[in-house]
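**Student:** Listed here are the chains, written in short residue letters.
There are 2 protein chains.
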Amino acid sequence: MSQPLYVIGHQQPDTDAVCSALAYAWLKQSQEVDAVPARAGEVNPETQFVLNFWSVQTPPLLEDAATERLILVDHNEYSQTVPGAREAEIVEIVDHHRIGDVTTSNPIFFRNEPVGSTATILTHLYDEADEPIDSETAGLLLSGLLSDTVVLRSPTTTDTDRVVAERLAETAGVEIETYGKDLLQQKSKLGNKSPREMVLGDFKEFEFGSHHVGIGQVETVTPEAVLEQQAVVLAAMDDIVDEREFTTLLLLVTDLLDEDSTVLVAGDYTDTVADALDTTFTDQKAFLPGVMSRKKQVVPSLEDAFS
Amino acid sequence: MSQPLYVIGHQQPDTDAVCSALAYAWLKQSQEVDAVPARAGEVNPETQFVLNFWSVQTPPLLEDAATERLILVDHNEYSQTVPGAREAEIVEIVDHHRIGDVTTSNPIFFRNEPVGSTATILTHLYDEADEPIDSETAGLLLSGLLSDTVVLRSPTTTDTDRVVAERLAETAGVEIETYGKDLLQQKSKLGNKSPREMVLGDFKEFEFGSHHVGIGQVETVTPEAVLEQQAVVLAAMDDIVDEREFTTLLLLVTDLLDEDSTVLVAGDYTDTVADALDTTFTDQKAFLPGVMSRKKQVVPSLEDAFS
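In order, the protein sequence lines correspond to chains A and B.
In this text, residue positions in the first sequence follow this note's numbering: the first is 1478, and each later residue adds one.
In this text, residue positions in the second sequence follow this note's numbering: the first is 1478, and each later residue adds one.
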């Protein structure tokens, strides 16, 4: 038997990463490819809710990919891949982020589109393969789409996402706003998370020139639950900067209802960050009106400023 | 008026690079995008034959792209881009090569597929956009496809290429083998080229780890016309190694009829190259049975060996 092909999202997986891995592995299986969905970290409460809702088993954790063949979904830079991915064979990529640093020796299938979720692109790949989408798959894809676009409210949302969401909701038999609100509730659940878990829960790392930058994001309907713990959250961020040698570490606390964010900063280069985000920090905190998307409204300006 | 968007192929453009730039610019124009086809170097005799045959004007030469917005076709690594591309804004990529080192700050449309030509992918992009392909566009796309696949004979040729070629030939009103033989004749024309021009005519540069590697290719029905001048060709290769600081420089002389290649080598690391290609060099020359594709049969093993 040949080696299986793991379909896997980024570290600190979110709902789009996990649901896209599942949906794409199922598409490959329907094409007689020995594909196995996997994840690169613990699922968050929102994703667990989705998996329970659609009665789908949590994909297995892949701890070391060094000798594996991989399809990357929802990411395309090494700083976000499963451990060992630099040594693995990357055979396909489906993503909706900036073009990162993954290179290959051979020509591969790489589909990157500036849409709101990887799930949106996967819906089109099902169409291109003439493979029908059943209600369970539609439910997972819709969850990835609604999670990444904050129920079509994020500025990353495109008309394509809206059309695809309508269609997936119909197939899945749910109503977008009702199901979306259930998702947001889960996303907002800070529960009894430690400050450290808040920072690292939805966390991405970037190499901007010689700078190692980390950006966490908490999306919530109750931002005050994080911000009233500002001192301990910043202390946790300082620890993470030291341990993992970040140049700069940011935590975006995004208010899903007011559609804006507060950002906390630790590490060096605070002035560079302030310039990049066109703001001023007071006590390591700044308010960013209208900012909801790390990818679209924070990463590009930081990359420009640091590179 | 907004800044135009240049659609441009790699340096030392081949027929697929030039025809893909034209066809994709036309598709963008049909979508009300102010796109302009361009090229990153002189067109070769085969491409000139194609442009004359289909009565299409040669796209303008772009000499410096530093302040431009670019769509890259038929390449996705900086060592092959038009000068200034590192400073330019890359807004889309359509290609069929290995994934290279181009990165972006924002999410972009990047379509890379392991098929025989960029023209094959563009044919599908016309379909996805519901834009009909007229006979002139079909002629150009077919030319790119047949040129890159050596009239469907190269091991890079996929079933998709065959299906697309049939359809384009019908729309263009030409017969694949007849038109293809005319193309091969042009490709084979060494004419009164200098040895230096033979090496640099169809030439690609790669960064493998810290090594700067150049690989030229002459595709011909009369390989002896190149090989009988071996001494002066190697002297020209030595000059190019010195001037442009190559670690290693290869020239593949590919016999289109016998479907094999002879490779000449200059620079250092000849043993590494010999190991990678599983051959032995005698007087800087080796025979490679069955090798026709630089991309698929030479680049991956060299990259592995040098990295």
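Treat the hints with care, since some could be wrong.
As the list claims (entries may be wrong) - Distance windows between CB atoms, simulated: (1) A:R1644 x B:V1640: 25 to 33 Å; (2) A:E1652 x B:E1519: 53 to 61 Å; (3) B:A1702 x A:A1543: 44 to 52 Å; (4) A:D1541 x B:K1666: 48 to 56 Å; (5) B:E1519 x A:P1537: 48 to 56 Å; (6) B:D1735 x A:D1607: 39 to 47 Å; (7) B:T1535 x A:K1658: 54 to 62 Å; (8) A:Y1555 x B:E1652: 46 to 54 Å; (9) B:Q1706 x A:S1479: 45 to 53 Å; (10) A:G1650 x B:S1687: 55 to 63 Å; (11) B:S1556 x A:D1541: 44 to 52 Å.
To be verified - With a cut-off of at most 30 Å between alpha-carbon atoms, the simulated DSS-like pairs for lysine-lysine come out as follows: (12) B:K1762 x B:K1773; (13) A:K1773 x B:K1505; (14) A:K1670 x A:K1658; (15) A:K1505 x B:K1762; (16) A:K1762 x A:K1670; (17) A:K1666 x A:K1762.
Derived from the structure by calculation, the hints contain no laboratory data.
The C-beta atom is built at its ideal place from N, Cα and C for all residues, glycine as well.
**Student:** Decide, hint by hint, whether the structure agrees.
**Tutor:** These are the hints, each one checked on the structure:
no., hint, verdict
1, A:R1644 x B:V1640: 25 to 33 Å, "holds (28 Å)"
2, A:E1652 x B:E1519: 53 to 61 Å, "holds (60 Å)"
3, B:A1702 x A:A1543: 44 to 52 Å, "holds (48 Å)"
4, A:D1541 x B:K1666: 48 to 56 Å, "holds (53 Å)"
5, B:E1519 x A:P1537: 48 to 56 Å, "holds (54 Å)"
6, B:D1735 x A:D1607: 39 to 47 Å, "holds (40 Å)"
7, B:T1535 x A:K1658: 54 to 62 Å, "holds (58 Å)"
8, A:Y1555 x B:E1652: 46 to 54 Å, "holds (48 Å)"
9, B:Q1706 x A:S1479: 45 to 53 Å, "holds (46 Å)"
10, A:G1650 x B:S1687: 55 to 63 Å, "holds (56 Å)"
11, B:S1556 x A:D1541: 44 to 52 Å, "violated (32 Å)"
12, B:K1762 x B:K1773, "holds (20 Å)"
13, A:K1773 x B:K1505, "holds (24 Å)"
14, A:K1670 x A:K1658, "holds (21 Å)"
15, A:K1505 x B:K1762, "violated (44 Å)"
16, A:K1762 x A:K1670, "holds (21 Å)"
17, A:K1666 x A:K1762, "holds (22 Å)"
In terms of the numbered hints stated before, the structure departs from hints 11, 15, listed from lowest to highest.
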